[in-house]
Amino acid sequence: MRVFSSTCTFDYSWEEVSTANWRKYCPWNDKSTHVVAVDTLSRTVDLDTGILRTERLITCNQSVPQWVLSLFGGSATSHVYEISYVDPISKRVTMCSSNLTWSNVLKVQETVIYRPSPSTPTSTTSFNQEAKITALCGGWQKIKNKVEEASVERFSQNAKRGKEGFEAVLEMSRRVFGEQRENENSKI
Amino acid sequence: MAASIAPECNDIKEKYDTCFLKWYSEKYLRGNTTSNECEELFSKYKSCLNKVLKEKGIDQMLEDARKSNSEVESEYIRRT
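Chains U and R supply the protein sequences, listed in that same order. Under the UniProt record's numbering, think of the first position of the first sequence as 1, with each following residue one higher. Under the UniProt record's numbering, think of the first position of the second sequence as 1, with each following residue one higher.
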């Protein structure tokens, strides 16, 4: 098993980040083009805690190294199952994702947490990401290592691009919300 | 918003997503967590989507994933 982790801070409030997070994969994000569809499967609010639980199916289409395809077969379309929890009181978004495709070969479990940064909680948001990547294919350890290495490499590329893309979405969201507010005010 | 895996569900998905985002930013985050004005759009979107998930065999993959996730589940739904 290999672990990939990264942390960063967004210069936006937790409310802005947690809202924009729902449209992270929209046309404003031109970096995460490997995500082709995001579908919501279920959504409930826990009556006791107010925690919003959402299940989503994320469909990706990305170039897979040729040797992976020839070893394991399959197509370049893959699916990820994500469960997220928003706690509006303690201000925390937790997202847990796992791969549905090739799950007999490779297990990728990712946890992402967004919460207000301890130093400037009203204006900035901290992001923590951790992914556990395990190759399950029986047989040679060498192949397993190679599969895990390639997966970590791909994961870290996507994570970097994901952050850049999300920054663009945050910026656009702030601009559009600002314009909406101006329009509403000028009507009054 | 992102597209749906099923192109024929894109229109209803778009309507639902827009409704949800408005509810999330204007009501949910401001403490009104119980209103459910997007429920009708969501059930239309789901019935469109579920047909396609079944056709593609994704419903079975999801069922398996849900089973293996059920133990971790309880740790997040409680407030930490």
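Note that these hints are calculated values from the structure, not bench results. Worth double-checking, as some hints may not be accurate.
Claimed, not checked - Heads up, simulated DSSO-like pairs for lysine-lysine below, C-alpha to C-alpha not over 30 Å straight-line:
hint, chain 1, residue 1, chain 2, residue 2
1, U, K144, R, K46
2, U, K107, R, K54
3, R, K27, U, K107
4, R, K54, R, K27
5, U, K144, R, K51
6, U, K132, R, K67
7, R, K56, U, K91
8, R, K54, U, K91
9, R, K56, R, K46
10, R, K15, U, K24
11, U, K31, U, K91
12, U, K146, R, K54
13, U, K144, R, K22
14, U, K31, R, K46
15, R, K15, U, K107
16, U, K163, R, K51
17, R, K22, U, K107
18, U, K107, R, K51
19, U, K144, R, K67
20, R, K51, U, K91
21, U, K144, U, K91
22, U, K107, U, K24
23, U, K142, U, K91
24, U, K163, R, K54
To be verified - Okay, the calculated bits of chain R under chain U, using three or more residues with CB under 8 Å as the criterion:
hint, segment
25, 22-31
26, 48-61
Backbone N, C-alpha and C define an ideal beta-carbon position, used for all residues, glycine too.
Verification of the supplied hints:
1. K144(U) x K46(R): It is violated: about 38 Å lies between the C-alpha atoms, which goes past 30 Å.
2. K107(U) x K54(R): Judged against 30 Å, a Cα distance of about 23 Å means the pair holds.
3. K27(R) x K107(U): violated (37 Å)
4. K54(R) x K27(R): violated (34 Å)
5. K144(U) x K51(R): Distance ~37 Å between K144(U) and K51(R) Cα, so the pair is violated.
6. K132(U) x K67(R): Holds, because 19 Å separates the two Cα atoms, which is no more than 30 Å.
7. K56(R) x K91(U): violated (37 Å)
8. K54(R) x K91(U): violated (36 Å)
9. K56(R) x K46(R): holds (15 Å)
10. K15(R) x K24(U): Holds, because 17 Å separates the two Cα atoms, which is no more than 30 Å.
11. K31(U) x K91(U): holds (27 Å)
12. K146(U) x K54(R): The given pair, whose Cα atoms are some 34 Å apart, is violated under the 30 Å limit.
13. K144(U) x K22(R): violated (45 Å)
14. K31(U) x K46(R): Holds, at roughly 28 Å.
15. K15(R) x K107(U): violated (34 Å)
16. K163(U) x K51(R): Measuring from Cα to Cα gives roughly 33 Å; hence the hint is violated.
17. K22(R) x K107(U): violated (35 Å)
18. K107(U) x K51(R): Judged against 30 Å, a Cα distance of about 27 Å means the pair holds.
19. K144(U) x K67(R): With Cα atoms ~26 Å apart, K144(U) and K67(R) stay inside 30 Å; holds.
20. K51(R) x K91(U): violated (35 Å)
21. K144(U) x K91(U): Given that 30 Å is the threshold and the Cα spacing comes to 39 Å, the pair is violated.
22. K107(U) x K24(U): Holds, at about 24 Å.
23. K142(U) x K91(U): It is violated: about 43 Å lies between the C-alpha atoms, which goes past 30 Å.
24. K163(U) x K54(R): violated (33 Å)
25. 22-31: Result for this restraint: holds, n = 5.
26. 48-61: holds (count 4)
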